[in-house]
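Enquirer: Protein chains in written order, with numbering that gives the first Met the number 0: chain C, 0 to 904; chain R, 0 to 113.
No wet-lab data here; the hints were simulated from the structure.
From the three backbone atoms N, C-alpha and C, an ideal C-beta is built for every residue, glycine too.
Please note that a few of the clues may not be correct.
Lysine to any residue pairs mimicking SDA-like chemistry, simulated, CA-CA at most 20 angstroms apart [what the hints assert, rightly or not]: (1) C/K56 <-> R/W65; (2) C/K56 <-> R/V43; (3) C/K754 <-> C/Y573; (4) C/K56 <-> R/L11; (5) C/K18 <-> R/L11; (6) C/K18 <-> R/A63; (7) C/K18 <-> R/R81.
Label pairs and their computed distance ranges (CB to CB) [stated by the list, open to error]: (8) C/M387 <-> R/Q44: 42 to 48 angstroms; (9) C/D61 <-> R/A20: 24 to 30 angstroms; (10) C/M378 <-> R/P23: 49 to 55 angstroms; (11) R/P23 <-> C/F115: 55 to 61 angstroms; (12) C/L382 <-> R/E66: 25 to 31 angstroms; (13) R/A20 <-> C/I47: 30 to 36 angstroms; (14) R/E66 <-> C/M387: 26 to 32 angstroms; (15) C/R43 <-> R/T68: 55 to 61 angstroms; (16) C/A90 <-> R/Q44: 29 to 35 angstroms; (17) C/I47 <-> R/E88: 47 to 53 angstroms.
A partial selection of chain R residues facing chain C, derived with a Cβ cut-off under 7 angstroms [said to hold, decoys possible]: (18) G26; (19) Q45; (20) G46; (21) Y49; (22) R54; (23) A74; (24) F76.
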Amino acid sequence: MSWLHRLLRRDKMEQHLDKELRFHLDQHASDLIARGHDPAEARRLARITIGGPEQVKEQCRDARGTRWLEDLWQDFHYAARTLRQRPGFTAVSVLTLALGIGASTAIFSAVNPILFQPLPYPQASRIQMIWYAGKDGARAGQAFGNFRELVARSRSFDALAVMKPWQPTLTGAAEPERFEGQRVSANYFHALGVTPALGRDFDAADDRLSGPDVVVLSDSLWRRRFGGDPSIVGRQITLNDRLFTVVGVMPRGFENVLAPAAEIWALLQYDQSLPVQSAAWGHHLRMVGRLQAGMGTDQARQELDRIARTPLPEFPRPPWSSMKQGLIVDSLRDDLTRAVKPALLAVIGAVILVLAIACVNVTNLLLARGAQRRGEFAMRAALGAGRMRMIRQLLAESLLLALLSGAVAMFVAQSGVQALVALSPAELPRAKAIGVDSSVFAFALGITTLIGLLVGLIPALYASGPTRQGGFVAHALVRAVSAIVPTRRARILLPPGFLTAQGGNRVIGGHQLARRALVVAEVALALVLLVSAGLLLRSLDRLFAIAPGFDAAHVLTMQVQVSTPRRFPDDDAYHRYFAQALEAARQVPGVASAAFTSQLPLSGDFETFGGNFENDNDPGDNHAAFRYAVTPDYFQTMSIPLRRGRLLDSRDMLPGPARPVLINEAFARQKFPRQDPIGQRLRFGGSDNRPWDVIVGVVGDVKQASLAVTQSNAFYVTTAQWLWADNPLWLVVRTRGDAASLAPAIRSAIWSIDKDQPIVRVNTMENLLTASAAERRFAMIIFEAFALVALLLAATGIYGVLSGSVTERTREIGLRAALGATRGDIVGLVIRQAMTLTGLGITIGLAGAVAASGALVTLLFGVSRLDPLTYLGVVALLAGVSAIACWVPAWRAARVDPSITLRAE
Amino acid sequence: MTPKSDLPQGTLDLLILKVVALGPVHGYAIQQRLQQVSHDVVQVQQGSLYPALHRLENRGLLAADWEETETGREAKFYRLTRKGKAQLEAETASWERLATAVGLILKLSEGGAK
């Protein structure tokens, strides 16, 4: 039987014990009766011989070995009572610990599925992302043509697939609904290693121009929209006016990390003959591949590099898609976390600091409490309590404290995780997989409990530690001195440290030292956090100070899409519809100007297209640039400045012999450093049988991908003159008043032309600007919150230590006052001590902050990691807070009445 | 009643094991048997007997079951475990060695010490 078993069956054991002893008594009595005793007399005699039954039972319980557990139970009762008696201490330590444990659990829970857990696919490490390397080695999308060549030539992969976003609208019996989805090549699910739970996967034979329209549904869409009907496979549904046959439903647990919102998949169905002037050669696809078993990322990288360097005649590549810079291969996990990793690691660092500060603070609190309880434990020791018994008692108290903190921390962790998910930038991968992680929680609770246990033992060690004899002798000596030399000079006669070392208990010396070390640690840790938060804050400031190249104020944006392609037989039909929609939007009262563009700055999308210039030395030069097909008013609406030449106007919307093209300043500077770009000729889309296009103007640079990214090349043509009719287009509207409030009116104006065409992603330009800094903002909010917590904890810590030390030194201070020290002297003494500790902490913290800022470099923008303003500001802040925290104890010390303190001895 | 002798430390456990080794038996019977066999020299008080029984049970030397006595009452019957048997043999042997040694020493004649 285990002790636990025994404890749980305690009542039963007690019954058995009772029964056994009663049997003994009865048996004895009946024996006596058999020997001729009177029954009543027999029972009396038997009871006498058995002695005290309770004592026997007690000894049996001892023998059984559950004694210590029963005592522990008692200890917990007693501990609960002591904690209740000091609600202030209990509340502060429980909250401090809960904050530390809860925050670290929340952060690690959020980070774990992203950085550490394997992705939810079989042999996930075999899944790789393959990017086209742009001019400066930057990652760019793949062109379908390059994908085709890689599929044919590469031997490293089990499966290669490409994908692009797709937002089809479902019409039919119920309300029309627009879904997030993906257009993928047939191998997509195979590359991830997942097969549909119902029906079948895509068939490679169907992935061709005008192949059969088939879709695969997600489990959630199937359940939500089709009631989980298993006969869905083979049924036809109407998407964008076309009939699609449902061929499969993905499993319930399928997590599509490459497009978490996607619920529906259809085939890409590009023209396999790869006409050069088609979207098939635009760099707009993402490529994913599953490595052959036993194949490493490096081997695949080498093979793809070799293919990129050796073009074959049967796989012609247009100049802008020559793969000259090679390909970039990353594991899927690295690819997903690349953007967020620096921020997440920084946040982990921050939470470790918070946990450390929480531990320091609790240590501090327990030390202070230990000092207060020395009397209690000395008394217990004097009354004969064993050292082990007292240690056990303290263990019980610490454990109870830890349990309480753990319970509160659970709430902190839960709400922390929720807040993190809500705050997280859109690009945070696997946000759905985030939940409170129990192992992390156990770790944080364990470490704080351990500290609590160790620190909590101190009073018990004191109680059985050195006696107070030495203290009394020293006191007598000091009193004698003060009697003989009752002047101010006595203070000078006493060697420094004499009073602290001799004035009280000998142990106080070491004890005070420990607490001073804690204050230093606390200040240092807080400084590291505050400097990091300060640097991030300044980065964000700088980032928002950057001109995005357009005026975001009063600009409303939305995506206008044609989702009924059967009603739009040719490009002209599309152009006509978009022209009508634009006119309708312009007529809405409050609209100053409106325009369409094929891609919107900072929207998160980006597409480049290649071309070549007439004056290229090498016809194979790759001039991929951001492509904007716009209506003429785009530049006024966005307030993009004209630098040279002219803007596009309504004449350029008509088909003409030569297309007028605008390029941005960066492109002009790079391509025509010493020439006038106006009048230079170029050709996008690479076909030789088209006439050259002419540069008619240069416009200002615009941030497309993000505010922090350095400028890339861009070119502008009108929507009407581009190679194909773009769909969807972004509508940008400059309003006279508040931008967001015009959205409903503009939407209904466009729907008055055709109510079936979806209008989505409605947002203000200002919101997009803010969102583009979301990752930095995310890290900054967390850092700010943690820095605030750290500042608060440091302040309470400094205050706690100093007020504790003033209390313990009351006698010494009284003595100093009696010897002639003025109030000013005493205030000075306490403050000097506090500021010395703070100064030491700041010095150590500065070194730590310099080291820590190294890890932050990738998150910083436009500010040095050694930014003096931030460091000075934080030092001043901490010094100020610590000065305030020590003022109260100093003031209390100054009011110590020497006659009372000395008489109290 | 004959004056009882104090049992040397640890002897009670040995005696209990010995009595229990003869067959399952309850506490009262152990006490009676010890008293009878030793002609009233060994009189164990409940205050020593029951803690000893519980200690031996706890150490796995004894096991116990609730069974009916011939009078039809339920009593806790102790029996020897395999471990208890080994312990009994070991302790018996060591007791005999000690007793022989003590006997030898006590039989020394006054002059023999030289």
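Enquirer: Please go over all the hints and tell whether each is borne out by the structure.
Expert: We went through each hint and held it up to the structure:
Taking the CA atoms of C/K56 and R/W65, the gap is near 18 angstroms; set against the 20 angstroms cutoff, the hint holds. Between C/K56 and R/V43 the CA atoms are separated by roughly 16 angstroms; this keeps the pair inside 20 angstroms, and the hint holds. Proposed proximity of C/K754 and C/Y573 is supported: the alpha carbons are some 15 angstroms apart, at most 20 angstroms. Straight-line distance between C-alpha atoms of C/K56 and R/L11 comes to about 18 angstroms, which keeps the hinted pair within the 20 angstroms bound.
Proposed proximity of C/K18 and R/L11 is contradicted: the alpha carbons are some 23 angstroms apart, above 20 angstroms. With a C-alpha separation of about 14 angstroms, the suggested pair C/K18 and R/A63 falls inside the 20 angstroms cut-off, and the hint holds. Between C/K18 and R/R81, the direct Cα distance comes to roughly 27 angstroms. Violation of the 20 angstroms bound is thereby established for this hinted pair. Against the hinted window of 42 to 48 angstroms, the Cβ-Cβ separation of C/M387 and R/Q44 comes to about 30 angstroms, which falls outside the hint.
The given range of 24 to 30 angstroms is respected by C/D61 and R/A20, whose C-beta atoms sit roughly 26 angstroms from each other. Between C/M378 and R/P23 the beta carbons are some 52 angstroms apart, a value that agrees with the proposed interval 49 to 55 angstroms. The supplied range of 55 to 61 angstroms is met by R/P23 and C/F115, whose beta-carbon atoms lie about 60 angstroms from each other. At about 47 angstroms, the beta-carbon gap between C/L382 and R/E66 misses the expected band of 25 to 31 angstroms.
Taken as a hint, the range 30 to 36 angstroms holds for the pair R/A20 and C/I47, whose Cβ atoms sit roughly 31 angstroms apart. For R/E66 and C/M387, the Cβ-Cβ distance of about 40 angstroms falls outside the hinted range of 26 to 32 angstroms, so the restraint is violated. Between C/R43 and R/T68 the C-beta distance comes to about 23 angstroms, which lies outside the given range of 55 to 61 angstroms. A beta carbon spacing of about 53 angstroms between C/A90 and R/Q44 contradicts the range 29 to 35 angstroms that was offered as a hint.
Distance hint check for C/I47 and R/E88: the Cβ-Cβ separation is about 38 angstroms, which falls outside the suggested range of 47 to 53 angstroms. The beta carbon of R/G26 is positioned within 7 angstroms of a beta carbon in chain C (closest approach about 6 angstroms), and the interface hint is therefore held. Residue-level restraint check for R/Q45 holds (minimum Cβ-Cβ distance to chain C is 5 angstroms; threshold 7 angstroms). Checking R/G46 against chain C: minimum C-beta separation of about 5 angstroms stays under 7 angstroms; hint holds.
A cut of 7 angstroms between beta carbons decides the hint on R/Y49: the least distance to chain C is about 5 angstroms, and the hint holds. Interface hint at R/R54: satisfied, since its Cβ lies 4 angstroms from the closest Cβ of chain C, which is below the 7 angstroms cut-off. The criterion of a C-beta within 7 angstroms of any C-beta in chain C is met by R/A74, whose closest approach is roughly 5 angstroms, and the hint holds. Checking R/F76 against chain C: minimum C-beta separation of about 10 angstroms lies over 7 angstroms; hint violated.
Violated hints for the displayed structure, listed by number in ascending order: 5, 7, 8, 12, 14, 15, 16, 17, 24.
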